[in-house]
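A.B. asks: So you can see what is in the structure, the chains are spelled out below.
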Amino acid sequence: AQTVTQSQPEMSVQEAETVTLSCTYDTSENNYYLFWYKQPPSRQMILVIRQEAYKQQNATENRFSVNFQKAAKSFSLKISDSQLGDTAMYFCALCNNAGNMLTFGGGTRLMVKP
Amino acid sequence: EPEVTQTPSHQVTQMGQEVILRCVPISNHLYFYWYRQILGQKVEFLVSFYNNEISEKSEIFDDQFSVERPDGSNFTLKIRSTKLEDSAMYFCASSVRTGVSGANVLTFGAGSRLTVL
Chain A
-13 AQTVTQSQPE
-3 MSVQEAETVT
7 LSCTYDTSEN
17 NYYLFWYKQP
27 PSRQMILVIR
37 QEAYKQQNAT
47 ENRFSVNFQK
57 AAKSFSLKIS
67 DSQLGDTAMY
77 FCALCNNAGN
87 MLTFGGGTRL
97 MVKP
Chain B
45 EPEVTQTPSH
55 QVTQMGQEVI
65 LRCVPISNHL
75 YFYWYRQILG
85 QKVEFLVSFY
95 NNEISEKSEI
105 FDDQFSVERP
115 DGSNFTLKIR
125 STKLEDSAMY
135 FCASSVRTGV
145 SGANVLTFGA
155 GSRLTVL
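From first to last, the protein sequence lines are chains A and B. Counting in my numbering, the first sequence runs from -13 upward without gaps. Counting in my numbering, the second sequence runs from 45 upward without gaps.
So here's chain B without its partners, still in its complex pose (with noise of 0.2 Å):
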C-alpha cells in the first residue's frame, strides 16, 4: 500500500537553529499538507500545499515556517530560528484530491519527531 514518508524520524536541535523536515507524498497526490502534536496536546493543522503555492495556513504557521516543493517528489518544512515550543511531532500528509466532491481523505506519514534544547 501507498504511503508518505517522513525523514528524518527524530531530530534535535539547539534553540536558534533552522531545522528541515522531508516529506515524500504519495506520488499520484496532489495536496500536501503538514500538521503538528506537541506531546500530549490535540493534532494542530499547520499548512496545506497545492499547485505549488500554499493554499490555507493556520495561525500557527508564522514567518518563521516556509514550505516548499523543491522537485517533483519531496515536500519540505522549513523551521526557521528555531525555540523550544516548537518542539512537537510534526506530520506529513496527503491526498489526491480536496472538497467534499472527492476522495478528501489523508494519508499521513509517520511524523518527524523535533527536539529543541
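Only chain A is shown next, with the shape it has when bound in the complex (with noise of 0.2 Å):
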C-alpha cells in the first residue's frame, strides 16, 4: 500500500513572499510519480506540478517548484513571489506504476495575506 502524508494542515504566507509545503510518502515502488493539485474554492482539482521519480532534476513551473528527495520520500512545493490567487488547498499526490490511481495526501490549507 502507498500512503501520502501532509503535515501542515494549514498554512499562510504575505503576498509576494515564499513558502514551502511540506509532503512525505511511502511506496514500494521504484518508479512512480509525485504531483502536487491545487484546489481553489471552486473545488476543481488543477495540477501545479508533476515530479518523475526516476529523474534527480526537481521539476519547476514558473513560480512553482519542488525539493524531491527521493531517500528520504520527501516531496515538497515551494511557491516564490506568493499571489492571492494562489489561496487554494494543495494535495500531494503519488501515482504508482501502473498509473491506475492516485493516492492524495490529506491537503494543506494555504492562505496568501494581502
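No lab work stands behind these hints, which were simulated from the structure alone. Some hints could be false.
Stated by the list, open to error - Restricting the straight-line Cα-Cα distance to at most 30 Å, the calculated cross-link-like pairs of lysine-lysine (DSSO-like) are:
#  : chain 1 : residue 1 : chain 2 : residue 2
1  : A       : Lys99     : A       : Lys64
2  : B       : Lys86     : A       : Lys59
3  : B       : Lys86     : B       : Lys101
4  : A       : Lys64     : A       : Lys41
5  : A       : Lys56     : B       : Lys86
6  : B       : Lys122    : B       : Lys86
7  : A       : Lys41     : B       : Lys86
8  : B       : Lys101    : B       : Lys127
9  : A       : Lys41     : A       : Lys59
10 : B       : Lys122    : B       : Lys101
11 : A       : Lys56     : B       : Lys127
12 : B       : Lys86     : A       : Lys64
13 : B       : Lys86     : B       : Lys127
14 : A       : Lys59     : B       : Lys101
15 : A       : Lys56     : A       : Lys41
16 : B       : Lys101    : A       : Lys41
17 : B       : Lys86     : A       : Lys99
Claimed, not checked - Derived coverage of chain A by chain B (criterion: at least 3 residues anywhere in the stretch with Cβ under 8 Å from a Cβ of chain B; other residues may be distant):
#  : segment
18 : 24 to 33
19 : 87 to 99
Note that the Cβ used here is the ideal one computed from N, Cα and C, for glycine as well.
With the hints as a guide, bring the two chains together.
C.D. replies: Right, here's the structure in full:
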C-alpha cells in the first residue's frame, strides 16, 4: 500500500513572499510519479506540477518548484512570489507504476494575505 | 484548453434513490477515472476505466457503484440506493495514457456535489 502525508493542515504567507508546503510518502515502487494539485474555492482540482521519480532534477513551473528527496521520500512544494490567487487547498499525490490510481495526502490549506 | 466536463454540478437526492453522475472526458483521452472527496477529508480513488472495462477499483467501489461509457463521449458513475455517507464531491478525470512511460497526467473535472438527505 502507498501513503501520502501532509503534516501542515494550514499555512499562511504574505503576498510576494515564499512558502514551502511539505509532503512525505511511502511506496514500494521504484518508479512512480508525484504531483501537487491545487483546489481553489471553486473545488476544481488543478495540476500544479509533477515529478517523475526516476528524474533527479527537481521540476519547476514558473513560480512553483519542488524539492524531491527520493531517499527521504519527501516532495515539498515551494511557491515563490506568492499571489492572492494562490489561496487554495494544495494536495500532494502519488501515482503508482501502473498509473491507474492516485493516492492523495490530506491537503494543506494555504492562505495568501495581502 | 480542453477540459473535462461534469454534470450536474450539484445534486440533492433522498436516501435510497439512484443517482447518475455524468462526465465528458477530453476527446483524445483513453483512460477515465472517478474520485470522491467527502467534505473535509482526502480525495479517494474509486475506479479507473479503459477499453470499456474497469481496470482497477478501490474497496470503496462496491456493488452499489457502477460505471459505463454508454456512447463515445460520456462516462457515467451510477450509485444505486444512495446512503447518507455517499454525500461527497465526485470528481471525474481522464488521461491520455497511463504508466510511468506515458504522460500520466490526469485532468480533473470541476466535480459533482452529491447531497443525500
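A.B. asks: Work down the list of hints and note, for each, if the structure agrees.
C.D. replies: So, going through the hints one by one against the coordinates:
no. : hint                   : verdict
1   : A:Lys99 with A:Lys64   : holds (17 Å)
2   : B:Lys86 with A:Lys59   : holds (20 Å)
3   : B:Lys86 with B:Lys101  : holds (17 Å)
4   : A:Lys64 with A:Lys41   : holds (18 Å)
5   : A:Lys56 with B:Lys86   : holds (23 Å)
6   : B:Lys122 with B:Lys86  : holds (21 Å)
7   : A:Lys41 with B:Lys86   : holds (27 Å)
8   : B:Lys101 with B:Lys127 : holds (20 Å)
9   : A:Lys41 with A:Lys59   : holds (14 Å)
10  : B:Lys122 with B:Lys101 : holds (14 Å)
11  : A:Lys56 with B:Lys127  : violated (41 Å)
12  : B:Lys86 with A:Lys64   : holds (21 Å)
13  : B:Lys86 with B:Lys127  : holds (19 Å)
14  : A:Lys59 with B:Lys101  : holds (26 Å)
15  : A:Lys56 with A:Lys41   : holds (10 Å)
16  : B:Lys101 with A:Lys41  : holds (29 Å)
17  : B:Lys86 with A:Lys99   : holds (25 Å)
18  : 24 to 33               : holds (count 6)
19  : 87 to 99               : holds (count 7)
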